[in-house]
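**Q** Chain by chain, the residues:
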Amino acid sequence: MKFYFMHLMPYADLDLSYDEKHDSAWVTLPNTYFDPKKGHQLYNRYLDELEYADQLGFDGICVNEHHSNAYGLMPIPGVMAGALARRTKNVKIAILGRALPLLNNPLTVAEEFAMVDNITGGRLIAGMVRGIGAEYHSWGVNPAFSHERFQEAHDLILQAWTQPGPSVFEGKHYNFEYVNVWPRVYQDNPHPPIWIPSQGSSETIEWAAHPDRKYTYLQTFASVSTVARYMKMYKDVAARYGYEATEDQLGWSLPLYVAETDEIARREAKEHIEAFLQKFLRMPMEMLLPPGYTSVKSMVGALSAKAGHAMKQTIDTVIEEGKFICGSPATVREKLEEYQSQIGFGHLLTLLQFGTLPAELTRKNMEIYSKEVMPYLRNVTSRKAA
Amino acid sequence: MSFTESTETITGCNVRFMRGGKGAPLLFLHGSSGAARWAPFMEKLAENHEVIVPEHPGFGASDSPEWLDGMSDLAFFYLDVIDRLGLDKVNLVGGSIGGWLSAEIAIRNQTKLNSLTVVAPAGIRVKGLRKGDVFMWNAEETARNLFHDQTYAEQMLASPPSKEGLEVILKNKLTTAKLAWEPRFYNPDLHKWLHRISVPTLILWGDGDKVVPPGYGPAWRDLVPNSRLEIVENCGHLPQIEKTDRFVQLVDGFIREATR
Numbered sequence: 001m002k003f004y005f006m007h008l009m010p011y012a013d014l015d016l017s018y019d020e021k022h023d024s025a026w027v028t029l030p031n032t033y034f035d036p037k038k039g040h041q042l043y044n045r046y047l048d049e050l051e052y053a054d055q056l057g058f059d060g061i062c063v064n065e066h067h068s069n070a071y072g073l074m075p076i077p078g079v080m081a082g083a084l085a086r087r088t089k090n091v092k093i094a095i096l097g098r099a100l101p102l103l104n105n106p107l108t109v110a111e112e113f114a115m116v117d118n119i120t121g122g123r124l125i126a127g128m129v130r131g132i133g134a135e136y137h138s139w140g141v142n143p144a145f146s147h148e149r150f151q152e153a154h155d156l157i158l159q160a161w162t163q164p165g166p167s168v169f170e171g172k173h174y175n176f177e178y179v180n181v182w183p184r185v186y187q188d189n190p191h192p193p194i195w196i197p198s199q200g201s202s203e204t205i206e207w208a209a210h211p212d213r214k215y216t217y218l219q220t221f222a223s224v225s226t227v228a229r230y231m232k233m234y235k236d237v238a239a240r241y242g243y244e245a246t247e248d249q250l251g252w253s254l255p256l257y258v259a260e261t262d263e264i265a266r267r268e269a270k271e272h273i274e275a276f277l278q279k280f281l282r283m284p285m286e287m288l289l290p291p292g293y294t295s296v297k298s299m300v301g302a303l304s305a306k307a308g309h310a311m312k313q314t315i316d317t318v319i320e321e322g323k324f325i326c327g328s329p330a331t332v333r334e335k336l337e338e339y340q341s342q343i344g345f346g347h348l349l350t351l352l353q354f355g356t357l358p359a360e361l362t363r364k365n366m367e368i369y370s371k372e373v374m375p376y377l378r379n380v381t382s383r384k385a386a
Numbered sequence: 001m002s003f004t005e006s007t008e009t010i011t012g013c014n015v016r017f018m019r020g021g022k023g024a025p026l027l028f029l030h031g032s033s034g035a036a037r038w039a040p041f042m043e044k045l046a047e048n049h050e051v052i053v054p055e056h057p058g059f060g061a062s063d064s065p066e067w068l069d070g071m072s073d074l075a076f077f078y079l080d081v082i083d084r085l086g087l088d089k090v091n092l093v094g095g096s097i098g099g100w101l102s103a104e105i106a107i108r109n110q111t112k113l114n115s116l117t118v119v120a121p122a123g124i125r126v127k128g129l130r131k132g133d134v135f136m137w138n139a140e141e142t143a144r145n146l147f148h149d150q151t152y153a154e155q156m157l158a159s160p161p162s163k164e165g166l167e168v169i170l171k172n173k174l175t176t177a178k179l180a181w182e183p184r185f186y187n188p189d190l191h192k193w194l195h196r197i198s199v200p201t202l203i204l205w206g207d208g209d210k211v212v213p214p215g216y217g218p219a220w221r222d223l224v225p226n227s228r229l230e231i232v233e234n235c236g237h238l239p240q241i242e243k244t245d246r247f248v249q250l251v252d253g254f255i256r257e258a259t260r
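Residue numbers (this note's numbering), protein chains in the order written: chain A, 1 to 386; chain B, 1 to 260.
Among these hints, one or two may not hold up.
If we take Cβ atoms under 10 Å as the criterion, some of the chain B residues that face chain A in the derived model are [claimed, not checked]:
1. Glu141
2. Leu170
3. Leu174
4. Trp181
A partial selection of chain A residues facing chain B, derived with a Cβ cut-off under 8 Å [claimed, not checked]:
5. Val141
6. Pro143
7. Pro291
8. Val296
9. Val300
10. Met311
11. Ile315
12. Ala330
Hints are computed from structural coordinates only; laboratory data are not their basis. Bear in mind that the values here come from a model prediction, so they are computed numbers and not experimental data. For each residue, glycine too, the CB sits at the ideal point set by N, CA and C.
Whole structure, please, built from the sequences with the hints as guidance.
**A** Encoded structure:
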């Protein structure tokens, strides 16, 4: 198994009482809540944390893409990846964006990724997503064409990376007379690894697992049972196509906090994970699921599930569901070992800073995780592989 | 209520129709909430007209065809419908995005039209005059913003949709997004060609419309040559529902005038 340090770069200085006046930290939360002086401090702190992960022996670091919100401050993740490309030496750099349908010209992503891949000598992992529903409001892009645009943008980028240029691209949403991206990707056999982060979607799994692609499916923030279900679905789809999915094709991304004891971990993490759950993730259904973002059927499901248990998420509910792993090194090791052996994912992306978690606790979390959890799991899983 | 239902396959798309009444044909083109039921205003219009109410492709019980990508497709589709039904001297009446659609049909071909009535139509933009964000409103905000008289909103909220009803609402919303998400509820080219409409045109607007503000009324009146603007008082986005009698009186009177 491989270990990644994932960052969302939240605006941790957010005035958390914003929700007395605004119903969401996305789309409509006035950007006057953002103080650039604090932003300057935060960006540099977060970049330091990502660089520190390289020194601590993580296999990779991950940046993220979201727009017009306090939840994550990386609308243009290539800026972060560019900064990290030169300051890190060993880690893979995963850009987990890019939200392809939001773009009028997806070749900008082909270019951005190829540049990072060249600078790092092939340390890039290329993420491709549809973006979350809120972004279709923020960017004015029609969600009814989200799936079509994603597929087409993906095909265009792949063509740019794998066919000698110039070539012609004839699509419905995108058309080019001269697809001829300079630079070419460094990892050109055939292209950089592609990861598909998802909140969980059978359509996405069906597509990612196809033998033409075999892309790594990355389950984001979800309960253990959901993770297990979707990863089994991926393996089943692969089996139906006549091949066996490897652990390399499955990844899980989740927040994690490890401290000296279970009690200390829970006490230190509580307010920060709850800020993440209750303040930074906060948005109404209409923002989260604009029309066409998911099928009518799954939207009916989501709306009735929401009506069924509109329960507030707390540290206890997310620990219980396995959406958040929190505890002593022994507890965390035990849970991860159990989940890994049951589910069989090969990439574990841990969000070791979340919500308002301050610098000092983030570093402590990273240190304990990298010293007391990572090596143990590395051993266990490599022994299993051998 | 005296109406019949049928399904016709036109341009490869199964479309559900409701029809009632006798007289000159009146084709009603619904807005983004569809036309699932034979409404009282349809019944009243059917006293003097043959009222034909299709559910647009992508709405309600009609198919969602592969070819439907935007308002232009829908406008050309309705030219096929007019041909297929053999309609002539038809009185076209459309509300909200159905009003927009009616204008898109008329600028393409108005030879089969006798008159045009647009009720709070989307379709153009007046800079600075912001339409309501129907995609951001939840069920309660939608109900409250649709009506001036809040008892209508409360009635709507008192009977939440069944699972099947919810599916139809989401299907209608998806097609509405296809037609109108971006640019938001308008066609940047439409205003340039509204001068082509020469049939008598009635523009109706509720003075308390929060979806397409009534300030759009004078803009339409100025762009469509042979047109008249009527403001319905104490009324929201749906005069045909909220002020049924006044609506029917205005439309009947206008069509009589236009037919002379």
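**Q** Okay, which hints does this one fail, numbers in order?
**A** Of the numbered hints, 10, 11 and 12 do not hold.
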